[in-house]
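A.B. asks: Listed below are the residues making up each chain.
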Amino acid sequence: MSTALLTLEGVGKDYAKVESRGGRLRLVFDLLRGHGAAHVFCALDDVSFTMARGESLGIIGENGAGKSTLLKVVAGVIQPTRGRVAVNGRVGALLELGSGFHPEYTGLANIDLAAALLGLAPSELGAKRDEIIAFADLGEHINDPLKQYSSGMVVRLGFAVATALSPDVLITDEVLAVGDESFQKRCIAWMERYLAGGGTLLLCSHSMYHIQKLCTHALWLKDGRIERYGPANDVAQAYLAYHEEKDARAHRPIGTDKAAASGWYAIEGLALEPSDTIEQGAALTVRGQVFSPDDRTPVVLVGIVRADGTPVYGVATDMEDAPPVRIAVQRYAFSLTFPEMALLPGRYQVRAHALDPEGVRLFDHVEQTFTVTGATRELGFVRLPHRWQAPA
Amino acid sequence: MTPRAADAVWSGGRVGGLLPGPRDRALLANFLRRELTTRYLGSVTGFAWALLSPLALLAVYYFVFTHIFRATGFAGPSFLAFVAVALWPWLAAQEALQRGAVSIAGYGGMIRKVAFPHELIVLASVAATFVLQFAGYLAILAVLRIAGEPIHLRGLLIAVPVWAVLLVGVAGLTFFVAALQVFVKDVEHVLMPLLMMLMYLTPILYPLTLVPEGVRPWVAANPFNWVVGRLRDGLLEGRLSLQPSDALAVAISIALFVAGRWVFRRLSPHFEDFV
Chain W
165 MSTALLTLEG VGKDYAKVES RGGRLRLVFD LLRGHGAAHV FCALDDVSFT
215 MARGESLGII GENGAGKSTL LKVVAGVIQP TRGRVAVNGR VGALLELGSG
265 FHPEYTGLAN IDLAAALLGL APSELGAKRD EIIAFADLGE HINDPLKQYS
315 SGMVVRLGFA VATALSPDVL ITDEVLAVGD ESFQKRCIAW MERYLAGGGT
365 LLLCSHSMYH IQKLCTHALW LKDGRIERYG PANDVAQAYL AYHEEKDARA
415 HRPIGTDKAA ASGWYAIEGL ALEPSDTIEQ GAALTVRGQV FSPDDRTPVV
465 LVGIVRADGT PVYGVATDME DAPPVRIAVQ RYAFSLTFPE MALLPGRYQV
515 RAHALDPEGV RLFDHVEQTF TVTGATRELG FVRLPHRWQA PA
Chain Y
52 MTPRAADAVW SGGRVGGLLP GPRDRALLAN FLRRELTTRY LGSVTGFAWA
102 LLSPLALLAV YYFVFTHIFR ATGFAGPSFL AFVAVALWPW LAAQEALQRG
152 AVSIAGYGGM IRKVAFPHEL IVLASVAATF VLQFAGYLAI LAVLRIAGEP
202 IHLRGLLIAV PVWAVLLVGV AGLTFFVAAL QVFVKDVEHV LMPLLMMLMY
252 LTPILYPLTL VPEGVRPWVA ANPFNWVVGR LRDGLLEGRL SLQPSDALAV
302 AISIALFVAG RWVFRRLSPH FEDFV
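Protein chains in written order, with the working numbering: chain W, 165 to 556; chain Y, 52 to 326.
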């Protein structure tokens, strides 16, 4: 096995939390004595992974998950509080394009500055300078002070500088979606050439499309820790599924306990029979009980949605004159059977809603996930009755 | 190839020599040029002001002491030369500390996004001030000499090393205040009145011999007293012989540099979060 280009071992980063004014002085003393800060926010914890040359890694996660902190640690912008970072090559970092530039400098002088930041003397820059000027394609503006540039022009210069210096690892932070259409195309084209030529990319993006297109591996960060690490497609899909479920949960209007406590109609207990995993075409029964604060017969609405929340089918007790049955004081029960499950294999949810007897106000919402198994190449999520025949 | 991010930047605190390594020199040169060009870029008078403002100050002192106090006999044959020789190095130290203290903030965007040794910021800031003030110093010495004031130009043989010792010591102090300023914003506000008071407690406008004997050892203990004394020895008296205090001054200067940089390197990994 070739030597690792990038190795992180148990990397963690704490940020000092300073509330009071005196706290800042105490922090300085703590740092000088070699202690860590007393109050910290842990932005990154126990992150370990290895990247080989040509093995690009996409970092995904929600806002505040520690993605930027991780990129900064790898780029050397911040020192990890714990653990070890070993980079066996030249790192090019595109953390916010143009951040190393000086607004009073001309484009040309900023190219020299950027090179100096990478440890190159102007003489070493040599022919690369022309390459950068050509890629940035700024024409005469290259001799103007940077403060006169549009943000798109700054970005072009930044990208041109970072890429021309042929880094072994290129770190980018959501910068693929910059510049005008034609420049974006050139960026993507450059990335693909760079990757094909054995370059390694460490990319942070919310675009699963880019992650899957450009990266072999992906790392999902959640609350500063690795939630999942593996082949880009697997991690990206797991991440998307997580978001679909999270979005669906967010729609839930009110919790059961709160509903019962406040004297509202509430679903109590929702069961799937025979189990929450069924064969395609098998029967599925949804059973449940409803709490009725005034002991009147509530309306129950049962729906089936896909894991991402897309509604598939819904039906209520008052639509088909099948009211829940009273089994005790303030207690009603319902049972609904789908004799031949037409859903195609996949993950779905049953949602049961409790409504008032008039079927107007929606009070409660309980859901349960179930899986339909089977082997089929049909597309979509429901099998419609159909038949093929010879054309007339 | 040396991994810059992991080694060059963060091992700096452990293995770095007294001066920046070859990879950082290009960046230091760039920062120095940036300090020199942008510092006066917006001002109408540009560099000229950097050279003229000490001259204006000298003129005011000359007027006050020769025409109002009329007490300049202590200064030997020329009050102008007596003050000029000591004023420029003091202003260099003062300006280096004040500008250096706030220098980190000017590179905030870069510190948050780019990996580079932060101490180059302070070194460039201090060096830029010293380059300008030393140029002004040479100019005023030349003018005084041409005007017939008693300046011994061979005294430069001692003046140049004295400035160098001053530069190293001031750089150390600036490391300290610059790092502290990032966390505690009061530093810059405390620094100005403090330096003003120190100036009058340092024998710049008067000789050490005029200081009452009871307090004289305290005033003499000020390291800047050595700078003033040695410059006057060389440039006003033409004396070039070395003294035991020279070795002590060099030692203090290097100690300040090492200590200041140690503090700076302890604190600089945390700048990113506070700058």
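Since the hints were made in silico from the structure, they are not lab data. Misleading hints may appear alongside valid ones.
Said to hold, decoys possible - Chain Y stretches covered by chain W per the calculated footprint, using a threshold of three residues with CB under 8 Å from any CB of chain W:
no.: 1; stretch: 76 to 89
no.: 2; stretch: 132 to 146
no.: 3; stretch: 164 to 177
no.: 4; stretch: 218 to 227
As the list claims (entries may be wrong) - The list that follows gives simulated cross-link-like pairs (lysine to aspartate or glutamate, DMTMM-like), each with its CA atoms no further than 25 Å apart:
no.: 5; chain 1: W; residue 1: LYS181; chain 2: Y; residue 2: GLU264
no.: 6; chain 1: Y; residue 1: LYS236; chain 2: W; residue 2: ASP440
no.: 7; chain 1: W; residue 1: LYS181; chain 2: Y; residue 2: GLU323
no.: 8; chain 1: W; residue 1: LYS181; chain 2: Y; residue 2: ASP297
no.: 9; chain 1: W; residue 1: LYS377; chain 2: W; residue 2: GLU219
As the list claims (entries may be wrong) - DEER-style ranges, computed between Cβ atoms:
no.: 10; chain 1: Y; residue 1: ARG290; chain 2: W; residue 2: SER330; range: 36 to 42 Å
no.: 11; chain 1: Y; residue 1: LEU252; chain 2: W; residue 2: GLY186; range: 28 to 34 Å
no.: 12; chain 1: W; residue 1: ARG185; chain 2: Y; residue 2: ALA186; range: 52 to 58 Å
no.: 13; chain 1: Y; residue 1: THR89; chain 2: W; residue 2: GLU304; range: 19 to 25 Å
no.: 14; chain 1: Y; residue 1: VAL182; chain 2: W; residue 2: ILE352; range: 42 to 48 Å
no.: 15; chain 1: Y; residue 1: LEU299; chain 2: W; residue 2: ALA168; range: 47 to 53 Å
no.: 16; chain 1: Y; residue 1: MET250; chain 2: W; residue 2: ARG217; range: 57 to 63 Å
no.: 17; chain 1: W; residue 1: GLY200; chain 2: Y; residue 2: ARG290; range: 49 to 55 Å
no.: 18; chain 1: Y; residue 1: PHE98; chain 2: W; residue 2: HIS199; range: 44 to 50 Å
no.: 19; chain 1: W; residue 1: ALA168; chain 2: Y; residue 2: ALA186; range: 37 to 43 Å
no.: 20; chain 1: Y; residue 1: SER104; chain 2: W; residue 2: SER330; range: 52 to 58 Å
no.: 21; chain 1: W; residue 1: GLY200; chain 2: Y; residue 2: GLY127; range: 53 to 59 Å
no.: 22; chain 1: W; residue 1: SER330; chain 2: Y; residue 2: ALA107; range: 33 to 39 Å
no.: 23; chain 1: W; residue 1: HIS199; chain 2: Y; residue 2: ALA271; range: 34 to 40 Å
For each residue, glycine too, the CB sits at the ideal point set by N, CA and C.
A.B. asks: Tell me if the beta carbons of GLY200 (chain W) and GLY127 (chain Y) are separated by a distance inside 53 to 59 Å.
C.D. replies: holds (57 Å)
A.B. asks: Quick check: does the Cβ-Cβ distance between ALA168 (chain W) and ALA186 (chain Y) fall within 37 to 43 Å?
C.D. replies: violated (51 Å)
A.B. asks: If you count the residues of the stretch 76 to 89 of chain Y with a beta-carbon closer than 8 Å to a beta-carbon of chain W, do you get 3 or more?
C.D. replies: Result for this restraint: holds, n = 8.
A.B. asks: Quick check on a hinted range of 57 to 63 Å for MET250 (chain Y) and ARG217 (chain W), using CB atoms only.
C.D. replies: holds (59 Å)
A.B. asks: Given the hint of 36 to 42 Å, is the C-beta distance from ARG290 (chain Y) to SER330 (chain W) inside that range or not?
C.D. replies: The hint (36 to 42 Å, Cβ to Cβ) is violated, given that ARG290 (chain Y) and SER330 (chain W) are roughly 59 Å apart.
A.B. asks: Regarding PHE98 (chain Y) and HIS199 (chain W), is the given constraint of 44 to 50 Å on their beta-carbon distance met?
C.D. replies: At roughly 46 Å between Cβ atoms, HIS199 (chain W) and PHE98 (chain Y) fall inside 44 to 50 Å, so the hint holds.
A.B. asks: Taking a Cβ-Cβ distance under 8 Å as contact, does the stretch 164 to 177 of chain Y have three or more residues in contact with chain W?
C.D. replies: Holds, because 4 residues of the stretch 164 to 177 of chain Y bring their Cβ atoms closer than 8 Å to Cβ atoms of chain W.
A.B. asks: Does the structure keep LYS181 (chain W) and GLU264 (chain Y) at a Cα separation of 25 Å or less?
C.D. replies: Answer violated: LYS181 (chain W) to GLU264 (chain Y) is near 51 Å, above 25 Å.
A.B. asks: Determine whether the Cβ-Cβ distance between SER104 (chain Y) and SER330 (chain W) falls within the hinted range of 52 to 58 Å.
C.D. replies: Given about 47 Å between the Cβ atoms, the range is violated.
A.B. asks: Count the residues of the stretch 218 to 227 of chain Y whose Cβ falls closer than 8 Å to any Cβ of chain W, and tell me whether that reaches three.
C.D. replies: Three-residue rule not met by the stretch 218 to 227 of chain Y, so violated; n is 0.
A.B. asks: Between LEU252 (chain Y) and GLY186 (chain W), does the beta-carbon spacing fit 28 to 34 Å?
C.D. replies: holds (30 Å)
A.B. asks: Sort out whether GLU219 (chain W) lies within 25 Å of LYS377 (chain W), counting only the CA atoms.
C.D. replies: Within the cut-off at roughly 13 Å; holds.
The structure shown violates the earlier hints numbered 2, 4, 5, 6, 8, 10, 12, 19, 20 and 22.
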